[in-house]
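Residues per chain, in single letters:
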Amino acid sequence: MRHSIFNLVRQAFAGNQGWPRQWRSPAPKRAYDMIVVGAGGHGLATAYYLAAEHGLRNIAVLEKGWLGGGNTGRNTTIIRSNYLWEESQKLYEHAVQLWEDLSQTLNYNVMYSPRGVMMLAHTQHDVQSFQRHIHANRLGGIDNEWLTAEQAQAFCPILNIDPSLRYPVIGAALQRRGGTARHDAVAWGYARAADALGVDIIENCTVTGIDRDASGAVSGVQTSRGAIRAARVGVVAAGHSSVLMGMAGVRMPLESYPLQALVSEPVKPVMPCVVMSNTVHAYMSQSDKGELVIGAGTDAYTSYSQTGGLHIAMHTLDAICELFPVVRRMRMLRNWGGIVDVTPDRSPIIGKTPVPGLFVNCGWGTGGFKATPGSGHVFAHTLATGEPHPINAPFSLDRFRTGRLIDEAAAAAVAH
Amino acid sequence: MIVRQRSGTRLRFSFDGKDYTGVAGDTLASALLANGVHLMGRSFKYHRPRGVLGAGAEEPNALVDVAGPDGRSTPNLRATTVELYDGLRATSQNRYPSLRFDLGAVNGLLSPLLGAGFYYKTFMHPRAAWATLYEPLIRRAAGLGEAPRRPDPDHYAQRYAHCETLVVGAGPAGLLAALTAAQSGERVMVVDEQAVLGGSLLAERRATIAGQPAADWLAATLATLAAMPNVQLLPRTTAFGYYQQNLLGLVERVTDHLAAPDPALPRERLWQVRARDVVLATGAIERPLVFAGNDRPGVMLASAARTYCNRYGVAVGRRVVVFTADDSAYAAALDLQAAGVAVVAIVDLRPDPSGPGVVAARAAGLTVMPGTAVIATTGHWRVTGARLSSNTTLACDALLMGGGWTPSVHLFSQSRGTLRFDAARQIYLPGTPAQRQSSVGGANGVFDLASILAPLAVAGDIPAQGGFLGLVPGSRATGFVDYQNDVKAADILQATQEGFRSIEHVKRYTTTGMATDQGKTSNMNALAIAAAALDLPLPEVGLTSFRTPYTPVTFGSIAGAARGALFDPVRKTPIHPWAEAQGAAFEDVGQWKRAWYFQHIGESMHEAVKRECLTVRRAVGLFDASTLGKIEVVGPDAAEFLNRLYTNSWSKLAVGRCRYGLMLTEAGFVLDDGVVGRLAADRFHVTTTSGGAGRVLAHMEDYLQTEFTDLQVWLTSTTEQWAVIAVQGPRARDLLAPLVEGIDLAAMPHMSVREGRIAGVPTRLFQVSFTGELGYEVNVPAGHALAVWEALWAAGAPYDACAYGTEAMHVLRAEKGYIVVGQETDGTVTPEDLGLGWAVGKAKADFVGKRSLAMMDLQATDRPQLVGLLPAHLPQEGAQIVDRADPPIGSAALGHVTSAYDSATLGRPMALALLAGGRRRMGQTVHITTATGTMPATIVAPVFYDQEGARLDA
Amino acid sequence: MLLIPCPYCGPRPELEFRHAGEAHIARPANPDATAAGAWSEYLYVRSNPKGRHIERWRHASGCNRFFNCVRDTVTDVIEATYPAGEARR
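Residue numbers (our numbering), protein chains in the order written: chain A, 1 to 416; chain B, 417 to 1370; chain C, 1371 to 1459.
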């Protein structure tokens, strides 16, 4: 049943008892053409595009828990594409363009809301770095503009631009097409659309091994629900990528860290956009429900525990309360963590592995949500054709051997 | 209705602008109820009129905004936990224009349209309408209270503490545990979220403990604990988070309950307590029953009604119906009856209730209706009747629900203990703890006072027993599960029908349990309804995780004192006061404040920088370089250590000479640079960038301690010990000469270091230049730096010396082509890229980063290379470089401008840039992006001034 | 916040320490003779186990010494700490 106002009204008169299920709960078959491991946003998007654009129907997505239950449902939902390096720009801009039609494509309102992402500059070094981004983005056809402190405050009226701040706001870079989306809806929308195309989404199915044939190529996976054969396997497992790739004997340039976020109690609209500050480590937006959504940092150590220390939230709220002093009396409602897999250059790995038939999409670190549609789209191409899409070709595992890193983090580092 | 003499000071307060009176000890909720006010709020989605459900932290309905002086306002406070004080002003929320006449209530009429997840299914066309039309409407309708409009004038404190035993919850179980631990001499902390310690005993008027009324036992026990020096009692303190290794986060509310608090007091105090053992005595929370109309004002938890009656002397109605599946509600009925309230009937879902409460109720003449359900209610602003499954309606003005009790396992679960499901009692209980910790009393599923307080003799208690989960049989599914978020049983049924099979999905799709009460009263009913719909045993539907904090915690208390100047330490050089007095503008560099430029009256920044640059080139200037990182590297293997850490060779550096050193990461990229002087065969004075000092020392220590353990070297940070005054310009030597003792300045070559005295103070005097002019860096002990600076300043007067700031420093060094790490480099740049191949000791067997320089991509010929640019105008730093004047969108950049200045010396703009294969393109024209297009620029060598270096040692 | 037993100073709160990555990754004795793959492995590849893990910490606001720490990355329970340079535990 299509999602529409017509059906909403019709179902309302029927007491909302006629809605069909949004996806099936199939038992795993013994074999598929392709298996995607991990039913987060990226994995589900991969499956959807495999089905929708490459005509593959005999596909399974295996998920050890519930679909969308990992970082997809735990992040602060920021979307932007104003990255520095050309490779990154192309990847994230590809995603933004898909975001713009995603609700219509999936017939599921993912609430993509281009309310603007504003990154604050606090030092001369920030100014130089942001101007470099702005120039690079404009050349790449990506919107990103410089705002003075006063313009930044006009865009976000509760922003404190008092020059006596310890690190005063001296300007900002604004991407107006940046924004947020509803994270759960992204997973559910892709799941529903993929399921409708025949993709089997199999929840509560933990992959325990990756099988290889005599030639060394992938032949299937072992799971908590039995062995499943497939000649191509794509691992899209975020924080657990090292563990899964280890099952195929592939060691990864990854470390997994807890990343925390928190929300306030809901209040009436007070925050019209997304504001980020890398210098004082804070970012905040307001959800449609009214909660202030605040991203905290990663804990210092690798962990799979999905919980971190209170001091991380303390550090973040220090900065939030300075930048937005009217929120100091508001209250933290929920604080949680996800497990993010971080590469040495803070850019993802999307492509082939040394094992024939085994592909990986991982290393999104703290910024994967924004890329969900683009990531799934290019990874589907990679899985379907066996070769990377031009957009993900630079994000190979091999770059750590050649030294051709795509280091967004270093480019923002402070020195001098 | 007041049922008992309410002693205590009378307090005036207002709610929605209307004045009322309460008494000391009241909460806002109890005071409003005493005044007959039940309507306290509107629900989130349908704006339904709501009264209190509970009497404590679990309250989902009665959310208010409390205003104070000076713009203090706090939204979303639960009226049940707001302590009354004289002059308190509270207002209701989420209604327009008033609580009684709320236009948002129209949503209630549309509720069939607004079922679970409705917003995922519509608002999609036309595409742009979501962000421009639908979303703004939804955002305005959503939210609860209003965020404060003014910055918070209060302050917050933080404390750390340690103890042997931390007891969370000062009810009977907690107090007994505290007493036991305290009597063994341990340091004990007892925390409780309420203003008064005692927990359930505060509302206990039936039971006796050790032969005395419960209240007397409580008073005596509290007096005993209070008198023990090893016991700390913290009321108004919520344990909100349980972290690793028995670290708990507590928040103590210090002033919110005071009418006129001492301004010196913090509003709240955040405690971080590390305890050897933790006792969780967090009690249990009563559940509502889910049936149609279970949310009308006047429908509330039986335990809440009992608390209002016994503790606050307030009856929640004159004619009450009790609807229960649990014995403890009988205690409420009996207590209300004893207080003079008419108890119409006790409607019990159970076919054959038989506990002591039932016996006592029957003996007291109360009507017990077993095997009966309330399936609907009547009333609007207040419940007026309860319709029974037997098809009769009982008139009432309050309906009390006893759905059974849910142990408060929040903290246990946060501590990563595993929960176990007690299928017989349908409750989750603490299972295996993950830390040194125990759960006692209600939190552990022990509800009878006799067991909790054993071996003390307890009589007259009516313990909780029984309970019911899910939709009440016979009721329509319009009953509310999550009151605050307006989630009905029907929403949960719809979610399961749409294929949401785990409680995590059901929760997110329906938003049940996601309100500000985090599902304290709703989660178990939601689980049960979902489990029944899916025909699964309850545990198989899963359990949503218990996230911190237990109840919401003020941002301000978490941020604490880290605000204003205390947000982050400010580092100032010893010369800072002088610069400040001269009116210098400062820039933030890491934690340092550095003098940026010295503006004379009437000058613009540009003019000031121009003057400073020209003065240095023409005469001499003084520059405060004290922020430079300094590390003393000492030991027999010091030179070998530097050989391995820097690209350069150090073995042959003579004592008294200096060298520019370049340090790489192991990945082969430039990490830091700086001048290194050799003071003795075994002693080096290493300088680093200002921002890199800590990083470089950690990097050095890492290799010294863990890789190059064969070397005998000691590292000491001396950044704060040595202040540095750069004296640069053709008259530098003339300026210094009269002040220097023990050093033959004339005999000092460029790149040398001598020890002697200056202005009477010991110095390490470097002859080095970061401007291209003859230059010195005067290192003096920090305590003497200001005096030395002033002496140099005085000595410079005859030469018309200036003080210059970081901006002029940057211009001067750029004219000379000297790089700044972090500006010409960005973590992806190699020495060869910068034209610093000469500084790489290729003959050395090894140094950190050497092997990586041989990686394929680091050897590529199209890598960015440092060049100079002569642009038509001043470009922006960061501007991109392209081949064409009109690059099409999506053009690849050839590189970017790293530094750009309007050079007074050259009389024209100049820039440094990293440009792909740049050194092969000298003399060619490229184009630099501007805000509106591009500008042309000619590629030149990256040294614009004195290419021969003749002025360095002039 | 972890409570980390520094082998030199005793138990101290995590705030005093800096995490320094996986332990027992030896720098190749002769980097120039190390093949590209092996060098890349040394630089970038990490075991990142889910479970028992040995990592390095530096007691930055204390003795400033690096040491090794055996911690379970699921429970975050610290099994042991020992000085850098000692054999893997």
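By construction, these hints were calculated from the structure, which means they are not laboratory data.
Treat each hint with caution, since some may be false.
Claimed, not checked - Calculated from the model, a selection of chain A residues having no Cβ within reach of chain C, i.e. all distances over 10 angstroms: (1) Lys29; (2) Asp101; (3) Val127; (4) Asp143; (5) Ala149; (6) Pro163; (7) Thr206; (8) Arg251; (9) Leu310; (10) His311; (11) Ala384; (12) Arg401.
What the hints assert, rightly or not - Here are the computed distance ranges between Cβ atoms for each label pair: (13) Thr794/B <-> Phe13/A: 21 to 29 angstroms; (14) Pro849/B <-> Thr208/A: 23 to 31 angstroms; (15) Arg1459/C <-> Glu1171/B: 46 to 54 angstroms; (16) Leu553/B <-> Ala12/A: 15 to 23 angstroms; (17) Pro163/A <-> Ala680/B: 27 to 35 angstroms; (18) Ile1305/B <-> Pro269/A: 28 to 36 angstroms; (19) Ala850/B <-> Ala27/A: 31 to 39 angstroms; (20) Val1444/C <-> Ala483/B: 29 to 37 angstroms; (21) Ala231/A <-> Leu1286/B: 29 to 37 angstroms; (22) Ala850/B <-> Pro1375/C: 15 to 23 angstroms; (23) Ala12/A <-> Ala675/B: 31 to 39 angstroms.
Unchecked claim - Each computed DSS-like pair below joins lysine-lysine, with the alpha-carbon atoms no more than 25 angstroms apart: (24) Lys461/B <-> Lys268/A; (25) Lys1420/C <-> Lys289/A; (26) Lys29/A <-> Lys64/A; (27) Lys1068/B <-> Lys1260/B; (28) Lys461/B <-> Lys537/B; (29) Lys289/A <-> Lys537/B; (30) Lys1068/B <-> Lys1258/B; (31) Lys352/A <-> Lys1420/C; (32) Lys268/A <-> Lys64/A; (33) Lys1026/B <-> Lys1009/B; (34) Lys988/B <-> Lys1009/B; (35) Lys268/A <-> Lys434/B; (36) Lys461/B <-> Lys289/A; (37) Lys268/A <-> Lys537/B; (38) Lys1266/B <-> Lys1068/B; (39) Lys289/A <-> Lys268/A.
Backbone N, C-alpha and C fix where the C-beta goes; we use that ideal spot for every residue, glycine too.
Structure versus earlier hints - violations, ascending order
8, 9, 10, 12, 20, 21, 23, 25 and 32
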